[in-house]
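Next come the chains, spelled out residue by residue.
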Amino acid sequence: MSRLSYAEIDRTVLDTLTPPRRAYWLTVAVLFCGILIGATCWGYQILVGIGVGGQNHPVAWGTYLINFVFWVGIAHSGTLISAILYLFRAGWRNPIARAAETMTVFAVCTAGLFPLIHLGRVWLVYYMLPYPNQRNLWPNFQSPLVFDLIAISTYLTVSSLFWYTGLIPDIARARDNATGTRKKIYKILSLGWTGELEQWRHYSRGYLFFAALATPLVISVHSVVSWDFALSVVPGWHSTIFAPYFVAGAIHSGLAMVITLMIPLRAIFNYKRIITDDVLENVAKTIIFTGLIVGFAYATEYFIAWYSHNPVEIESFRWRALGDYTVEFWIMVICNTLIPLLFFIKKIRRSVPWLFGISILVNVGMWFERFVIIAGGPAHGFIPHSWGLYSPSMVEFGIMLGTFSLFFFLFFLFVKHLPSVSMTEMKELVHEGENSHD
Amino acid sequence: MKRRTFLKLAGIGSLSVAAGCTSRPENTLYSLVRAPHDMVTGEVRWYASVCRECPAGCGILAKAREGRAVKIEGNPYHPVNRGAICMRGQAALQGLYNPDRLMAPKIKGHDGTFKDISFEMAKGILQKKVKGAAGKAEGGIRMVTETTGETLYELFSDALGRSGALKPLVLEPFAYESLRAAHKAAFGDEALISYRMEGADFLLCFGADFLETWLSPVEYSRKFAAMHGLEEKRKGRFFHVSPVQTLTAANADLWLGCRPDTEAAVAMGLIKAALDWGRGEHLFDELKHGLSRATAAYTPEKVSEETGIAVEDFNRLSNGLLESRWPLVLPTGSANEGPNAVKADIASILLNYIINPTLSLFDFTGPQRVTTAAPRAEADQFFDTLSGRPPELLLIYNANPVYGFPPARGVEAVKAMLEKDAPFVVAFSNFMDETAAVADLIFPTRLPLEMWDEYGGKEGIYATLQPATGLLAPVPHIGDLFLEVFYSAENRPAADYKSLLMRSGMEKAGVRSEREWLMDVIRVGGSFKEKEPVKANAPQVNPDVPAMLSGPVSDSLSDYGNGAASGETRRETLAFLALPSIRFFDGRGGNRPWLCEIPDPMTKVAWNTPAILHPETAAAYKLAQEDLVEIESEWGKLHAPVYITAGIQPGVIAMPMGQGHWGYGRYADQMGTNPLILMPPHTNPESGGPICAAPVTMVKRGRRERLANTDGSRSQHGRTIALTTSIEEVTAHDANHPVKHGLTMHDAPIWMPTPEGYDKHKDFYPAHEHDGYRWAMTVDLDRCIGCGACAAACYAENNVGTVGIERMLEGREMSWLAIQRYMDDDHPERVIFLPMLCQHCDNAPCESVCPVYAPHHSKEGLNNQIYNRCIGTRFCSQNCPYKVRRFNWFSWQWPEPLNLQLNPDVTVRGKGVMEKCSFCIQRIKGAHGIAKNENRKIRDGEVVPACMQTCPTGVFTFGNLLDEKSRVRKMVEDQRAYQILSYLNTKPAVFYLKKVTQHI
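Protein chains in written order, with my numbering: chain A, 1 to 438; chain B, 10001 to 11000.
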């Protein structure tokens, strides 16, 4: 493959910002309808009561928290790619860093909606905020949900800023090519970027610091999310491996989502020379690694349940594999740990259809992992008389559709209005490549 | 914009916002111009009365707030129930405030539809009809009534007699015909006696469901606890012989499942064993020889062959019976099961007589009031004559024969008769029930909680009713109505029923003035002075009685049941039994949402009616739980989902009565199934009682119908939840039983929910300090019979929402206190009940996970739920190991006027809020108020939560754990005390006392 020139990079990326075709707007409109369906369902739920969902006694948490964890998980690999791999100087992440980072921001936004949707009385959500009041009532800082609130809002703030910082030079580049209103908007967004040496110096320092700041968040946020479960007493939740287990799972699902998004992106926008098969292959290799960690975590859970001699734990895990949610459990195991092993075969990890298919399956598997944990734990708790099952209702599916639509809606708007590949970092990559060849 | 303009605009803006945001004023706030003299806003008034939900006649105290009754509790002075009340009694309020209660009379038009009319108009019509029909003895007026008090019955009889009519027929679906026939045969008197069960050390029961519906369930629950609860390291023994494991049978030390209708064979086998043992020397020869002859064939082997009870089990039973000092044998149940019922009842009486010559545990002094009810055969005859020679006017007071008779008889014959033009049918009913629907005039009269009346469940008890609540409509008193309609102003015996009642009551209670009557009788709820015990000698036993025992027991019905047992894969006929229901009684409770919502104690099924059958039967018909079956008898067929349990004999299907209404309001209609559909129209020729057993065939239908059952699992899966200990362990002399000190499920000790329970090695946070009180409860599983009265009391006291069948199927019931029922893994017929409520942990998992401090640990150790603070994350419920928290998935409905029952001391929770047992904090607060006024601490036993108040067996103890002398503290130190799942270190404040088992 011939070497990309700087101009070629600019042209390819900026070409994506040309006025879109009708098919694009049609898709956007369809997604918007999906959002409306979700919003209507939520409105109905607020009006009538949370009971329109399928949650019950004993399974009081349903798809709302499953989706919350799912989307927070998706968010993670964006930061992993844009920050951690940046610090490790893994050049192959440059072509996909922007898209992955965007995915992070939108996934956190989507995830952030779910705790609100989940609340029985969402209109009182401000009780969770530490605001001064005459009753001297503060939130309960012992509660993992307060940890969550802090972790997620920190994560949203940092990842948005990080994302935006990286965008500045590229927006400036887009501004230079744009005309009319677009130009005005880009002008404001680019914060007066001129490309002076001093600006570049500050920018690259700042970007590095942000990367360093975002890196611990990758670990901490999903650890905190896992403590929602691990800090409880529920059998199947109360476990010390939850933090690393959840972080690995999060990255696993996030990487799969990156592939799911990148493959259509590069097909539609002629990014094949930027997002090359090598890049995808590298992501696939990482998926093998995360899949193995996740598989190890599953095995550890079973070992600990057996090793504990605790009849409650043993029964809980026996039932998980062989009980009422056995289908969900085996979907989880097969999709998350067995199928990614196919990536050991070079042909498969270089084949775009295979990559796409497997990435979707991993996403499905990771959704079911959250289902098995969140619904399965309390369904089969300490008191056998109170055991019960949960299945989602139509309203929950409506809200799920709405939030998936919201995520893709935002992503669609993004790819046509902001540079979806970082021109700056691509040029760095090309430049470094030139240097290394010298 | 100028600075001044800005300030002006800002001022106007903020003023208008402030003005626009005032809360909406309450438009209908007015005080009573003339308040009743005893009504003080915010203060409770208690009115002593009598529960009329069944003929037992328990004394009640109705708690009234602002002129409306909000809660019913037992009257501690009343000799029948001594302060307890069952779930049906609790639910009487939901009859009073039932949204389907008729508020005006209705008259049937020519097109068959009903039209509301005024009470005056209805009275006018009634008066005209009475006048028209008067003077014609049989063709004139006839009347059917439920069991009523003496005064009211005499008024009815007198009024009817004045018009030349016969006395009213007392119709009661459970009239104990076979037992009455047995008494008649044995003693020459059919009166239903009471039993001194508390004095027995051995109890054998041939199906009498005395903990559920039989005669006087609250009374016998109490006496049973006295007899069977662990006391001084001893407890009585209890055997139960019946084809179905009813709640009563589940409380037995050994339930012996027999084939349907073969109880008589067991009883006769025992008579033979007793005679062979040398008992019965006091019998005069004629009787003795008669008995030996009649029972000669009933060797243990023969009994076993007839009944399906293993020989060794029978021997255990006969040895136990004959070795005991004070044995008591009880007869068959409320619903007569089959052709041999009379035989079984006679044999049970004779058995008592043989082993206890003085019959000292039989109390002949006060026959049950229900004895006045006509046997079913007589009622049948009554309706037959009616259709032959119809009277002009038929009055029906609170009876529902169209539903209560087998449809083969009721709907076809009774309804046809009632619907004929000839009699003008007046139903004095508050509900549009099945019988009212075929009447010509429906005339609502006052319900017991609104009435002056008197009712003694037994002869010799003079107990009174008084209005405890304001009227919802100008409904007349049935007595006043009769006085007005049947009498002219001159010959009226009294101006109104109240004066009539007072006149007769003053005499019966031995008081002289109205004031005395009101203060000493009405206020107490009756005249309960301890009388000289009447030394009533046991009547002589009729020597001819053995003749009635002759003849084979194994006739028609007993053959049905033995198919599956004998290994055949499929049989054509099965035996079908209709069981009286602890929840609905004969069906009159079917429209009370609490009774529908609180699950059946044995099946844990709420709202719908299952067909209960044995796993072997299910296997033979390839049935799984909840499969829909069609059951057909000669007389009808029905559909029902299957409930499979080992607590029934193979080849038998049982179904509780009381549901399957087709015209009894929104909560009852089309809910469940009425098992009487399958019953024959005729009665038992020997007793004249209705037959509640029939041969049926069963076919599997392809579909399933989900049962609204609340149990996730019947097994405890080896966890430390509902624990038992053996009598040997309890009575062992070395009282220093091993102290546990481990950290795992099976060796964790009790960890007190007080600073004593703090241990720095296992506790992360310091112990809670308590301010004078640490409320705690003990639950004695040895006394818990699983009746569910506590659950009903909790619904009533705490405004717990009822959710309906759809929501229950989704798993959203709201009960704060649920009776959990567990079956032993190896012996599923060994059942244990456990009331589960909030454990008010000292180390509560719910408290730490709430982000907004809605669950909050109070200074007195209570785990309070602050509803206003709750935002509905439901984390607390997820993290509660005991799963006692309930979430308001919706805003639950109390259709008017059901809302009038709501306890004003307790918040009604809206949607999106978590709730749970509060230890009745409103009662604790009330006690605090009183104690503070009197400048003292709250006394031990002063705070009584609703569950504890109503429990007939004294399961609960509540008090202050910090008080070393409190009863609860003493109970906690009992060797049987434990905490559920204490290894979780939640330090619950609810301690359970292990059930004491004895394997005989």
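Simulated from the structure, these hints should not be mistaken for lab results.
Here the structure is a predicted model, which is why all the values come from computation and not from measurement.
Among the hints, a few may not be true.
Partial pick of chain B residues on the chain A-facing surface, computed with a CB cut under 7 Å [to be verified]:
1) 10293
2) 10325
3) 10326
4) 10483
5) 10718
6) 10720
7) 10889
8) 10893
Just so it is clear, CB atoms sit at the ideal spot from N, CA and C, and this is done for glycine as well.
message = Need the list of violated hint numbers for this structure, in ascending order.
response = Numbers 1, 2, 3, 4, 6, 8, in rising order.
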